[in-house]
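J.: Under numbering that gives the first Met the number 0, the first residue of the sequence shown is numbered 0, with each subsequent residue one higher.
If you're looking for bench data, these hints aren't it; they were derived computationally from the structure.
All C-beta atoms in this analysis are idealised placements derived from N, C-alpha and C, irrespective of residue type, glycine included.
A portion of the hints provided could be inaccurate.
[What the hints assert, rightly or not] Computed Cβ-Cβ distance ranges for the label pairs, DEER-style: (1) Thr110 - Ile22: 28 to 34 angstroms; (2) Gly142 - Pro101: 16 to 22 angstroms; (3) Glu30 - Gly114: 41 to 47 angstroms; (4) Glu45 - Thr21: 40 to 46 angstroms; (5) Ile18 - Ile72: 19 to 25 angstroms; (6) Gln127 - Ala37: 28 to 34 angstroms; (7) Phe106 - Trp71: 25 to 31 angstroms; (8) Pro49 - Arg154: 18 to 24 angstroms; (9) Arg126 - Asp103: 24 to 30 angstroms; (10) Gly73 - Ile22: 34 to 40 angstroms; (11) Arg115 - Ala19: 28 to 34 angstroms; (12) Asp129 - Ala97: 20 to 26 angstroms; (13) Glu45 - Ile18: 39 to 45 angstroms.
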Amino acid sequence: MSQCTKLWIQPRIHNRKNIAMTIKMESVSLEEARRVVAAGEAKADEIGSPSNIAVVDVGGNLVAHIRMDEAWIGSVDISTSKAFTSRAFDISTAELAANAGPGDQFFGINTSNNGRVMIFAGGVPLRQGDRIVGAVGVSGGSGEQDQTVAEAAARAF
């Protein structure tokens, strides 16, 4: 079961009165994040791709991360950034990358968010019904391997 996170919205002036609103959003729980990571780790083992696997919540904040034996240290940051990117834009990083090349509508997007946006495969949104409640990011193999691991991890959600 997903946890419920309260997000506060700036009070608005309506008829000269401040109105405070609370929006409740479902998010990824630690238990769910662990399940996602475990499924990703199993797939990475199966295809022989030591990986870093990260899960972020609805706000793009890290919930869980593993670095498999022999996975690149440099991929720790990349995996968390792929998860962040996927949640920040509610799209897989592979799909975002397809529109981020020279001349494409999102060219240069990787320089936004203090360079945290990743535009290569391995980030996948986590969906609960029709809502995105988090994301998983994988780094350590080729783009195809990272995407395969991320998709397997997301299916476990």
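J.: Of all the hints given earlier, name the ones this structure violates by number, lowest first.
T.: Violated: hints 3, 5, 6 and 13.
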